[in-house]
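J.: Assemble the whole structure, with the sequences as input and the hints as a guide.
Residue numbers (the numbering used here), protein chains in the order written: chain D, 1 to 302; chain A, 303 to 792; chain X, 793 to 1034; chain P, 1035 to 1175; chain F, 1176 to 1794.
One side of the interface only, derived from the structure: several residues of chain D facing chain F at Cβ under 8 Å:
#, residue
1, L106
2, S127
3, T157
4, T215
5, A282
Listed below are several chain X residues computed to face chain F (Cβ distance under 10 Å; list not exhaustive):
#, residue
6, R794
7, A797
8, L802
9, G804
10, F808
11, L809
12, V811
It should be emphasised that the hints constitute simulated quantities derived from the structure, not laboratory data.
Just so you know, these numbers come straight off a predicted model, no measurement behind them.
We put the CB at the ideal spot given by N, CA and C, even for glycine.
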Amino acid sequence: MDFDWQHMLIELLVMPTLAFVVGLVMVLMARRLRARIERRVGPPFWQPLWDILKLYSKRTQVSHGHMHEISIIVLLGGMIAMEVFLPVPGFDTFAHHGDALTLIYLMMVPTLGMALGVSACANPNGSIGIARALTAMLAYDVPFIITVAGAAMLYGTTSLPEIIAIQQQQGLEGWGAVQMPLLALAALISMQAMLGKEPFEIYVAPAEIATGPMTEMSGKFLGSMFIMQCFQLYTVSVLYTTLFLGGGENWATFLIKIFVVVAIPMTLTNIFPRYKTEAVVAWLWKWPTAIALVGLFVVMMR
Amino acid sequence: MNPEILIALPLLAAFLLPAARRIDASVGIWWGPLVVLANLVIAAMAWWKVQLIGPQSIALGGFAAPLGIELRADHLGLSAAVLLNLAVLLLWPRETPDKARVSTILLVLTGAGCGLAMSADLFNLYVFFELVAVATYGLAAANGKGEALIASLRYLILGALGSALALLGIALVYAKTGTLNLTELGGMSEALSGPAGIGALVLMVVGFGVKAELFPLNNWVPEVYAHTESRVSALMAGIISKLGILVLLRLIAEVFGGSPGLEFLLWVGVLGVVTGELAAYGAKDMRRVLAYSSIGQMGLVAVALALGGETGFIAALILMLNHLLVKPALFLIADAWPGSLKALAGKGRARPLGAVLFVLLALSLIGVPPLPGFWGKYLLLDAIFTNVTEGAGLLVGLILAATVVEAAYFFRIAARLFGSGEAAEESKIPGLPAVAALFVIAFLALSVQTGRVGDYLKEVVHGLQPQELRMAQSDFPDPAASVNGKGERL
Amino acid sequence: MRQFASLLFLFGFAFFLSVLVGGLPFGAAPMQVGQAIVEQNIEATGAANAVTGVLLAFRGMDTLGELTILFVAATAAGMVVERRKHGVSRDSVAGFILLAGAELMFPFLLILGAYVILHGHLTPGGGFQGGAILAAAFFVPFLANPGRAFQGHAMAFVEAFAGATFILLGIFSIFREGDFMAPMFLGTGEFGQLVSAGSLPLLYLALGLKVGAELGSLVAEIAAAPGSDDPLIEEPQAAKDL
Amino acid sequence: MNELLSIGNLLYGGAAGLIVIGLFAVVARRHLIRVLLGVAVIEAGVNLMLVAAGFRPGAAAPIFDPQAISGPMVDPIPQALVLTAIVIGVAVLALGLTLAIRIHRQYGTLDTVALTRIVNAPAGSPESRAMMQRGGGGHES
Amino acid sequence: MIPSLDLLLALAFGNLGLMLLAGRNPTAGLLSMILYALQGWVLVMLMPALAEGAASGLAFQVFGWSLSWELNGLGWFFAIITVGAAFFSAWFAAGAWGVQGTRSPWAFHVTLAANVAAMLLLLASRDLLTLFIGWELVTWAGYAMMIQSGGPATRAAYKYLIYGVAGGLAVLAAVVLIQVQAGGLGFAAVAAWMPGISTGMLWALMLLLGVGFGIKMAFLPFHRWQAEAYGESPGPAAAFLGAISSRMGLFGLLILLVHFIGLARLDELLLPLIGLDARILWMWLSALTIIIPTFIALKQNDARMLLAWHGIGQGGYMLLGVLVGSELGVAGGLLHVFNYATYQAVLFLVMGAVVYRTGTAHLDRLGGLITRMPLSYVAMLFAIIGLAGLPPMNGFVSKWMVYKALLDEGLPLLFVAAVIGTLGTILSVFKLIHNVFLGQLRVEHEQIREVPFSMWGPMIALSLIVFITGYMPGLALDLVMVAQTSLGFAALDYHLGGFVTDTGNLNMLAVVSVLLLGMGIGAGIFLLGGNKSKRVHQLDNYAGGHFLTTEVRYHYSHHFYAGLLRLIGPWYITLIKRLEGGIAALTDTLAAGSDGLYRTAYTPILMLAATVLGLALVL
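T.: Okay, here's the thing in structure tokens:
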């Protein structure tokens, strides 16, 4: 493995900022979409950025001990590390060092960091929220893992750049969504839960547990949470496009794809009420898992 | 010193004891042990002579084998005699009210035991066996307690019935072959292969089985061992049950080699192991546990005998030797914890060394590797797999399941010993009876020297099949064949 | 249920017994060893009665074992029987004729017993049968009058020395003939007379006395035991001197 | 018919019958004295069989009589063995009966079932002591 | 002092003797630590000599069988872990814990030394007989270690003993069967003889040896005993037992499945009716062993029980990896043995420390200890990330290898089953660290202080090992390759950071360094970007306008994951538990029956019956 340092360093700085910017635009799009559905104008273009800057400039914010602060750092660090490993047109030297499995596990590092931070501030609402978040994670990860297994079986490799290369080389019908529609659908549903969007949004339920994990977060802590949300939107969409939509040949098509991918859960989130925790688990383990298993079976048969 | 002195001397002393006791009352105390000690010395010298010049055959009364009675002074006989004398000397009962009479009985027991070990004549074996039996009835009733008397009487009835059946067996053998000498009988296998011969074997197994604690015949064991003095039950469990097995060993090794009658002994042995261990698991007080466990061990020995073959006999001998050293020590150690098992909580701390040794000896009975018990069990399984064609799996399964039950009840006791509970007195003195220590030392020596003892046992087994009279039964696995057939084993 | 089981097994046993016995050649006893003994008996043992020859010469050890069994049984019985407290006498129940008759029978029984023992090697009978008759000599008066005190001391000494002579003769024969219990002094007397068959009559005499004395001492034990309705003796029977 | 009643079958049959009768007593009866007697009967049967084993038709008793004609002789060994066996039987029986007397005096009963309950009662349990008091004659325990 | 197997065994038994004599005085712990370190050094020096096998001088002749010992690669690999685990638990017990933490430090040191000695004997066995002898010694040494603390541990140890003895006897039966059929017992002779035997015999042997070794490894049907047995033992004892003791079962299974039968033969061995071949059967058994115990662990509310149940679960990964058969899979399985030993030891040591300070390990009675025991918290954090298998730590590497091997060999369903196991682990480890260290600090734990150096030293050292072997897995893989080659597989081409395979590669150096750099950037943004934040007391919390006081228990730990447990509650079928109870009841009734048989008054009937039946049987 030849480490050409300077290329690495550039990627390390550029990719996260790129991810942050795209993430901000995605958050804006989400809020605009919700506004359109509720027949109102929606926030101006730079609103998400201002929110974060406002939170960061707050004077009084409450910290519950070192672990609270360290966990936020772990959160941000985990997110940044994830962005670096995502194969983006032009920059994918790091993507070669890790593969789909590594990425899935890297996604869990920030979640665990946040969980530790929230528990450190010893607020039962936070703990209950985290318990629900982890239960939801257990729920949506089962179908997601099956789709990843299916993809690995189909492409024969788990290295993301190669997956993109395989899909692009066969053109449109080479795409994952075309090759394995069922797995793509199951992945879409589990992505919905991964982003914590409406039907599966139990762990931030404001009414019952005071927005769950975010209860004790104030000022820059809450700001970091917002940053995490941007990164999360970007990461999930890029991963989905890589696996199922043939990744980005060039930036233009790549951006269109990831915005379309994000648009789907954003629209769905506005029309659903909220599931109870065990209902989330029961539902996700029933339908999407069934679809994914059938998809996997189909892939295995080929 | 020719070996028949071993028989004559104790009997002579026994005859003179009642008269001597009238002259000087204290005779009852030292007379018996002194004579047994002398007898031990003679036996050791005779044993050493056999080591040097090999087994001898002594014609009693000057009459050659088939006519007169033949005593076979071979490894098996003399080592059994030495062990018997040693055990009687060490386990001399103390608490019996009537010392003089008990000494007489023990002297007779020693003399008869030596005779039994060496005799090679079927009827002579029966007479000495009956002598040992009557002596044991007397010993069982020695301490005069009510229950001991009942136990002794019930044992007497069983023993008498058994001896009648054994005599019936001998009558059948004599009617069929006309001779009583074991070596002669060995040569007449086709005469004995008929129904009469096999029936005689079954009857003799039942007759001699009473003493050897075989399965349906051993109801007396828990009763007698529970109500006699611990030293007496140690003596009976230790060496006297082995004498019963010795008779069967001689019979099977020299006469009934591969006869189908042995299948009866095999299943009696297996049932003995299974019911013995299960009953021990269900027993409530320590003495009964040890009694049932000795039934189980004797069952194992019976299975080993029934399988025959060189490995079978060596397995039987090791299991007997191991049980001979372990059981008396267990009885003596358990003497400190009378009463029901529930009362044992925490007693281990009262006699720490005793408790630790109890566990060590139990390990050998279960068959944990470095200890001799393991080699016995290993050879037994080896014999089963080689000799038993169909049903070997079932047999091994039953025996191993019984071993698990054995481990269960021994370590239930051990857990109670070391468990919490008001330890009576936290005395640091090891509290181990001297005699038990001797047995344990012998046991440790055996576990260290298993290799050398193993080779000696191989010689003993070779001595059992007199080479000059070829084994009549062809299907009796020829020792040489089974040896080199196993590659580098021997 | 028990009755049924025992009957069932009894019939089974009877059936098998008949199968076993049926197989035996009756009347055609193989006599492989028996014939040789019958031929060698006269010059080997000198005893007219071949059974005595077998008992004392060919299979001497059996007889020794058997003698000891009787001895052990008597000792064990002595140990088990309780001692009666002194002074608790038992009234005699027998009538005059029985008492007198018993007293009268005593010497005759002794003579008969002695005769049977001494002619053991000539006529059927011998040590055991004669000994039993001697013992009967002591039984009859006791049965007639259980209360009478019984002098056992002499009995014990006779018993001890008789047994000892039996074994000492055997050991002596090792030095003379080289084998335990080998017949000795075969030359003395001539065949068929009272003085013949060398050491066998001596052995039988010792044996007879031993058996007689033993059974006699057994009688003494029982005589000293409390009646079945006497009070239970609680203290352990420690000092058991006769 | 006469073949059936031949000496051999009669003797062996008789011995077997004795043994079976003795066994019945030992197995089916509960009173110890009866059991002991049963044992004695069995031993008698076995001894009879042992003697019968040595029988030869037309042979004389094994006594050498200078005057008598010297024909074939019966096998002396079984007779010697029987002599020994009888004495063994007597010895065991004597010991058994003495024990029985002592037990009867102590417990007042000779019923097997009751005695077994005493023997098998756990050590020092009230049951065994109760049996002691119930012993024969009104005597203090 | 040339390093040889004899020296190693001499040191091990010397240590045992020393502890027996000098176990009581306080320096005993230090002494044993030095001896374990020495043993470790000897093992490391032995590494080059392993190619032609480090034979040992001592040999016994018993009944014609020669007993001799020799250390091969696989045994050496397990030996390193054993000695390492012993070193750290001895270090933990050497200091303050030895004085107040346990009733008798002598018992701990003696049993630890005995265990190490027995395990070295087992690992150095050259033929089946020495293997069996070592096996029994390990079983009994484990029993001794479990009963040292008395109380509930003795009951758990008793159940362990019954399983252990039954397993040992199954192995004995198989050893004797081989001895009789094959004539010789040496590993090479048996391996050569194995291909020739009939499938029926092969099934019998696999069943017997599989059951025997499976019991020790707490494989699925025989897992009932391990949780209480390891959970109830005192801190460092549980650490040692948890880390390596049940892996002796894996050592046996590896010899059986790979060395004797060989994975190829396992493929041909078809189950009579289902048509499933034996290898898939074993793999599904190990997959179930991963899932079921992990979800049982989720339900536990005693921390040590939770960890012990995870011990059973993680065992499944190891065998699953090896059974895949590819170099990556075998290396993954073996590496997981090493990784698991490290973080499981830390977890048990931390719980030992928590019990030392607070006296309890019950998850409902702890909480908020991070403020009082920060170092223990850090150690546990590293360890749970390892146990959960998340990137920076070594657990991730071995799990990644197992998953990759499963995907490459085309076994997606097994892959999914394994990942479900990991997800369950993440949930339960979070519950562990949340209920013990995070959340509200209880009133009664206000005064407790961090454990002394002698106790947090080994914890931190081990957690550093967990991080370093995670960061540079190449170090651990060197050890694994020794074992892998001795098992007969080709060596994996790896570099310090990870692997390059044509179907996707892993470079932990890159992943972890990026993670660290990312955290640096995040720290920059977070610390420099915002202003100073005000530290607040734990009760100054938002509670929906409710005023918080100390009386109100304001810490959510009881019935953690309530929603999930309500859903999967009915799935907890206690089939095995009922089966076990049934067998125990059967034994009791049989025992009462046979005891009754011996108390019957009518003994002559039995004799008569025996004679008649005997005659019937024979004639």
